[in-house]
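Novice: Sequence:
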Amino acid sequence: TRCIETVIFRESYLTSESSEKINNSQMALRGISVSMQRQLFKQLLKTAQSGSVASVHTLDKIGNREIVGHGWNGTACYADRTDYPMPAIRFREVNNEIKALREKEKQDWKKLSHEEIKALYRASFCQTFAEIQAPTGEWKQHLGMGLIFTSLAIWIAILMNLFVYDELPVTFDEEHQKAQLRRMIDLEVNPVTGLTSKWDHENKKWK
Numbered sequence: 367t368r369c370i371e372t373v374i375f376r377e378s379y380l381t382s383e384s385s386e387k388i389n390n391s392q393m394a395l396r397g398i399s400v401s402m403q404r405q406l407f408k409q410l411l412k413t414a415q416s417g418s419v420a421s422v423h424t425l426d427k428i429g430n431r432e433i434v435g436h437g438w439n440g441t442a443c444y445a446d447r448t449d450y451p452m453p454a455i456r457f458r459e460v461n462n463e464i465k466a467l468r469e470k471e472k473q474d475w476k477k478l479s480h481e482e483i484k485a486l487y488r489a490s491f492c493q494t495f496a497e498i499q500a501p502t503g504e505w506k507q508h509l510g511m512g513l514i515f516t517s518l519a520i521w522i523a524i525l526m527n528l529f530v531y532d533e534l535p536v537t538f539d540e541e542h543q544k545a546q547l548r549r550m551i552d553l554e555v556n557p558v559t560g561l562t563s564k565w566d567h568e569n570k571k572w573k
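Following the numbering used here, the numbering of the sequence shown begins with 367 at its first residue and continues without gaps.
Just so you know, these hints were derived from the structure itself, not from any lab. Backbone N, C-alpha and C fix where the C-beta goes; we use that ideal spot for every residue, glycine too. Be careful, since some hints might not be right.
Pairs of lysine-lysine residues, derived as DSSO-like cross-links and limited to a Cα-Cα distance of at most 30 Å, are as follows [as the list claims (entries may be wrong)]:
#1 K476 x K427
#2 K427 x K477
#3 K470 x K484
#4 K472 x K484
#5 K465 x K477
#6 K571 x K544
#7 K506 x K544
#8 K465 x K476
#9 K506 x K476
#10 K570 x K477
#11 K470 x K544
#12 K477 x K506
#13 K544 x K573
Ranges of calculated distance between the beta carbons of each label pair, as one might list FRET restraints [what the hints assert, rightly or not]:
#14 A523 x R447: 22 to 32 Å
#15 P501 x N439: 42 to 52 Å
#16 P501 x F529: 42 to 52 Å
#17 W438 x A523: 39 to 49 Å
#18 W475 x K506: 36 to 46 Å
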């Protein structure tokens with residue numbers, strides 16, 4: 367299972383790289399309202415300090431969710447993944463209840479109730495590993511859709527045969543097929559290794 371506070375912050379980050387991020391982001395902030403600029407600039411400062419390379423264009427979409435790391439692709443987004451279990455941001459936005467739990471969390475964990483521990487986990491993560499790996503039954507939907515399209519194809523083929531295609535030529539009936547076979551034998555078609563090589567011309571039967 368994942369621990370609530372297992373996100374590892376990078377110990378240090380080059381000052382020059384952090385300054386370059388801030389300068390580039392200031393150019394992107396032109397044309398945005400002043401209040402939005404302030405909010406994004408605060409997020410950017412926090413991002414540069416934590417070593418995350420979250421794009422400025424995604425910061426206005428995460429609300430006041432806390433950025434806690436680099437994430438699986440360097441953007442400020444949340445995704446439950448077993449191969450990379452540490453998202454870049456927390457699942458829930460910060461509210462008064464979560465703030466109180468965060469302060470209580472800094473003290474002795476034995477004082478936290480079972481429900482408070484669950485609330486702290488759900489504030490950071492949407493699902494547990496068991497919930498992520500649990501079967502979803504999605505295969506039933508795919509199977510059902512496959513059967514529906516298969517039945518539609520069968521009905522289309524039936525309707526095409528009934529109302530679109532012409533009737534088969536008379537040469538397809540059994541009598542005409544036998545007559546055609548008899549003529550091929552009389553003409554000795556492929557007498558060495560082919561059809562008539564298997565016909566006994568003296569006894570008038572197949573070898």
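Novice: Hints first: check each against the structure and report whether it holds.
Specialist: Hint-by-hint comparison with the structure:
{"no.": "1", "hint": "K476 x K427", "verdict": "violated, 36 Å"}
{"no.": "2", "hint": "K427 x K477", "verdict": "violated, 35 Å"}
{"no.": "3", "hint": "K470 x K484", "verdict": "holds, 14 Å"}
{"no.": "4", "hint": "K472 x K484", "verdict": "holds, 16 Å"}
{"no.": "5", "hint": "K465 x K477", "verdict": "holds, 16 Å"}
{"no.": "6", "hint": "K571 x K544", "verdict": "holds, 14 Å"}
{"no.": "7", "hint": "K506 x K544", "verdict": "violated, 49 Å"}
{"no.": "8", "hint": "K465 x K476", "verdict": "holds, 18 Å"}
{"no.": "9", "hint": "K506 x K476", "verdict": "violated, 44 Å"}
{"no.": "10", "hint": "K570 x K477", "verdict": "violated, 102 Å"}
{"no.": "11", "hint": "K470 x K544", "verdict": "violated, 93 Å"}
{"no.": "12", "hint": "K477 x K506", "verdict": "violated, 45 Å"}
{"no.": "13", "hint": "K544 x K573", "verdict": "holds, 18 Å"}
{"no.": "14", "hint": "A523 x R447: 22 to 32 Å", "verdict": "violated, 43 Å"}
{"no.": "15", "hint": "P501 x N439: 42 to 52 Å", "verdict": "violated, 27 Å"}
{"no.": "16", "hint": "P501 x F529: 42 to 52 Å", "verdict": "holds, 44 Å"}
{"no.": "17", "hint": "W438 x A523: 39 to 49 Å", "verdict": "holds, 47 Å"}
{"no.": "18", "hint": "W475 x K506: 36 to 46 Å", "verdict": "holds, 42 Å"}
In the structure shown, a violation is registered for the earlier hints numbered 1, 2, 7, 9, 10, 11, 12, 14, 15, in ascending order.
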